[in-house]
Amino acid sequence: MAKYAMLVDAGRCTGCGACRIACQMQWQLPPEIAYNRLEHREKGTYPKVKWETTPVQCQHCDNPPCLHVCPTGATYKRSDGIVLIDHKKCIGCKYCMVACPYGARTLDHEKMVPEKCRFCADYVVKGQQPPCVSTCMNEVRVFGDVEDPSSKISQLLAGESVYQLLPERGTQPRIYYVKR
Amino acid sequence: MVSAVTWKRISLVMMLLGAAGAGAILLFGEAVLGTTDGVPWGSLIATYLFFAAASVGLTLMASLWYVFGIEAFKPVTKRALYLAILSVLMGFGAIGLELGRPLNMFWLIFSPNLSSAIWWMGTLYAVYLGFRILCVYCIYKQDEGKVLTFSRITVVAGLLAVSNLGSVFGNAQARPFWQGGAMPFYFIIVALLTGTAILVVTFAMLEKSKPAVAGNGEALPPLLGRLLLYFVVAFGFFKFWYLSNSIYGLNPGTFEGAKILLSGPLSVQFWALEVGLTIVIPLFLLARPEKYTNGRILWAALASLIGVFFAHQNFVLAGQLAPLQVIPGDMLLYHQYQTMPAEWAIVVGGIGALIYFSLWVEHKFFRSSTAA
Chain A
1 MAKYAMLVDA GRCTGCGACR IACQMQWQLP PEIAYNRLEH REKGTYPKVK
51 WETTPVQCQH CDNPPCLHVC PTGATYKRSD GIVLIDHKKC IGCKYCMVAC
101 PYGARTLDHE KMVPEKCRFC ADYVVKGQQP PCVSTCMNEV RVFGDVEDPS
151 SKISQLLAGE SVYQLLPERG TQPRIYYVKR
Chain B
1 MVSAVTWKRI SLVMMLLGAA GAGAILLFGE AVLGTTDGVP WGSLIATYLF
51 FAAASVGLTL MASLWYVFGI EAFKPVTKRA LYLAILSVLM GFGAIGLELG
101 RPLNMFWLIF SPNLSSAIWW MGTLYAVYLG FRILCVYCIY KQDEGKVLTF
151 SRITVVAGLL AVSNLGSVFG NAQARPFWQG GAMPFYFIIV ALLTGTAILV
201 VTFAMLEKSK PAVAGNGEAL PPLLGRLLLY FVVAFGFFKF WYLSNSIYGL
251 NPGTFEGAKI LLSGPLSVQF WALEVGLTIV IPLFLLARPE KYTNGRILWA
301 ALASLIGVFF AHQNFVLAGQ LAPLQVIPGD MLLYHQYQTM PAEWAIVVGG
351 IGALIYFSLW VEHKFFRSST AA
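Chain order of the listed sequences is A and B.
The numbers in this note's numbering rise by one with no breaks, and the one at position 118 of the first sequence is 118.
The numbers in this note's numbering rise by one with no breaks, and the one at position 101 of the second sequence is 101.
Any given hint might turn out to be false.
[Unchecked claim] If we take Cβ atoms under 7 angstroms as the criterion, some of the chain A residues that face chain B in the derived model are:
| hint | residue |
| --- | --- |
| 1 | L29 |
| 2 | T72 |
| 3 | C90 |
| 4 | Y95 |
| 5 | V98 |
| 6 | P101 |
| 7 | L156 |
| 8 | A158 |
| 9 | V162 |
| 10 | Y163 |
No wet-lab data here; the hints were simulated from the structure.
Just so we're clear, the structure is a prediction, and the values are computed from it rather than from any experiment.
From the three backbone atoms N, C-alpha and C, an ideal C-beta is built for every residue, glycine too.
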């Protein structure tokens with residue numbers, strides 16, 4: 001069974017936002033809704049100052065708070081690690097939005113469902129890459145099956161020093177970031 | 001004194017406003033609410049908390065006679081019971097409008113997630129309301145044995161429901177300002193404070209009840225006034241220690257939430273409306289029981305009721321206005337939240353409906369009866 005994960009090398013990110021637009025195109029989202037975002041931070045002190053950009057999206061946690069708080073089980077986790085939403089069960093209480101420490105949910109005002117990154121579940125099982133991965137000119141994101149030792153992500157994870165966002169929360173994210 | 005007819009007219013206008021607000025929310029959804037992705041819970045949640053906690057507070061007040069046999073509270077008991085039912089129904093109305101897809105609520109039964117505090121909240125409040133209604137039915141059937149049994153069950157269900165309401169916030173691990181085991185106790189204090197204040201106002205509004213005298217000969221309003229004083233002190237005590245610990249503890253998220261209230265974007269609303277109306281004015285009016293008059297107690301109750309509503313609003317917003325610190329670094333700007341006209345309309349409409357139906361029940365069941 002595949003176990004999907006993502007490796008993000010934020011040091012390569014130029015902040016162009018193509019990942020956001022590609023995702024919006026893939027899922028036919030209106031301009032105000034995005035399943036991924038870029039967080040910017042100013043680091044250092046003058047004259048050694050730099051501008052860091054970090055892509056953030058649903059972390060598809062192995063211990064997802066949004067799943068635990070959902071009263072109807074509308075949020076669920078597949079055996080391949082992808083966290084998804086069953087729209088027909090969602091009551092729109094927005095507890096998942098409140099519970100997510102990554103602020104990964106965004107409300108779809110038309111469907112009244114707190115949406116998020118789906119890891120392009122329907123496409124990756126066919127061997128395709130999520131558009132946020134394939135569209136990036138600097139190969140910031142690498143997506144793949146970490147159970148397959150020959151996959152690119154497995155090999156990179158074996159060689160790189162990585163970290164996860166907010167590990168102290170105990171959410172066990174499936175997105176890894178390359179240490180800078 | 002404003003007559004019952006005038007109150008009915010005023011409350012009808014308030015209900016019409018509420019209906020307009022509800023219509024706008026049903027037609028335009030979140031677009032007419034102040035909520036955003038950064039602040040997903042807003043004033044409608046605060047309104048729900050107000051009514052849901054008030055209902056349990058009223059139930060606990062009613063239990064002083066029905067369960068604990070303290071005769072002094074007998075005159076307020078039946079009114080507390082119907083107000084408890086009306087109040088929780090107003091709360092359900094507010095949260096029903098807040099939910100994006102309320103018609104999907106049947107999944108709470110067919111696909112329950114027992115690890116969700118909101119699932120327990122819905123279940124416990126449904127059980128609480130069911131037994132509350134059953135209890136009132138038995139009172140009118142004069143089945144005293146069942147009244148006692150159902151009253152005991154309702155008190156337990158109510159305590160579980162309101163403390164679980166605190167737990168909805170207390171176990172939100174992404175919002176440190178809310179997180180912690182103190183929340184269930186805080187909600188019980190607020191419930192008692194609100195329930196007592198509503199009973200004081202109810203007595204003042206109903207001229208028949210003005211000379212109400214308890215069984216032991218002690219006038220009821222001063223007794224309620226003293227209780228209100230105790231709950232105001234408990235509320236102030238909790239707030240003082242909770243906020244001072246949050247500030248001195250410097251824990252990320254908790255510190256920011258307290259700062260938002262004390263000197264941040266909610267500071268005016270916190271100091272003037274929450275501290276001023278819920279704590280300072282009631283303490284000033286109620287501190288010396290020998291000076292109690294019905295007017296003093298009424299003003300203290302009215303001030304604390306308005307203050308408690310804003311306390312709920314402050315509580316809900318303070319946990320969300322500070323952006324989540326996903327990436328280490330400088331604190332970003334606070335999220336913005338503004339209560340929109342449709343949300344105010346629901347608040348006004350909910351209070352109007354509570355007044356209108358209280359008068360209707362009073363007229364229907366109490367005016368023709370000698371047993372208050």
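Cross-check of the supplied hints:
For L29(A), the shortest C-beta to C-beta distance to chain B is roughly 13 angstroms, which exceeds 7 angstroms, and the interface hint is violated. Against a cut-off of 7 angstroms between C-beta atoms, the interface hint on T72(A) holds, since the closest Cβ of chain B lies about 4 angstroms away. Restraint check, C90(A) versus chain B: the minimum CB separation of about 6 angstroms is within 7 angstroms; hint holds. Hint status for Y95(A): holds, given a least beta-carbon distance of 5 angstroms to chain B, under 7 angstroms.
At its closest, the beta carbon of V98(A) sits 5 angstroms from a beta carbon of chain B; the interface hint therefore holds under the 7 angstroms criterion. For P101(A), the interface hint holds, since its Cβ comes within 7 angstroms of a Cβ in chain B; the closest pair sits about 4 angstroms apart. With 7 angstroms as the threshold, the beta carbon of L156(A) stays out of range of chain B, its nearest partner Cβ sitting at about 21 angstroms, so the hint is violated. A cut of 7 angstroms between beta carbons decides the hint on A158(A): the least distance to chain B is about 25 angstroms, and the hint is violated.
The restraint placing V162(A) at the interface with chain B is violated, with a minimum CB-CB distance near 15 angstroms, outside the 7 angstroms limit. Annotation: Y163(A) was flagged as interfacial toward chain B, and the flag is violated, the nearest CB pair being 11 angstroms apart, outside 7 angstroms.
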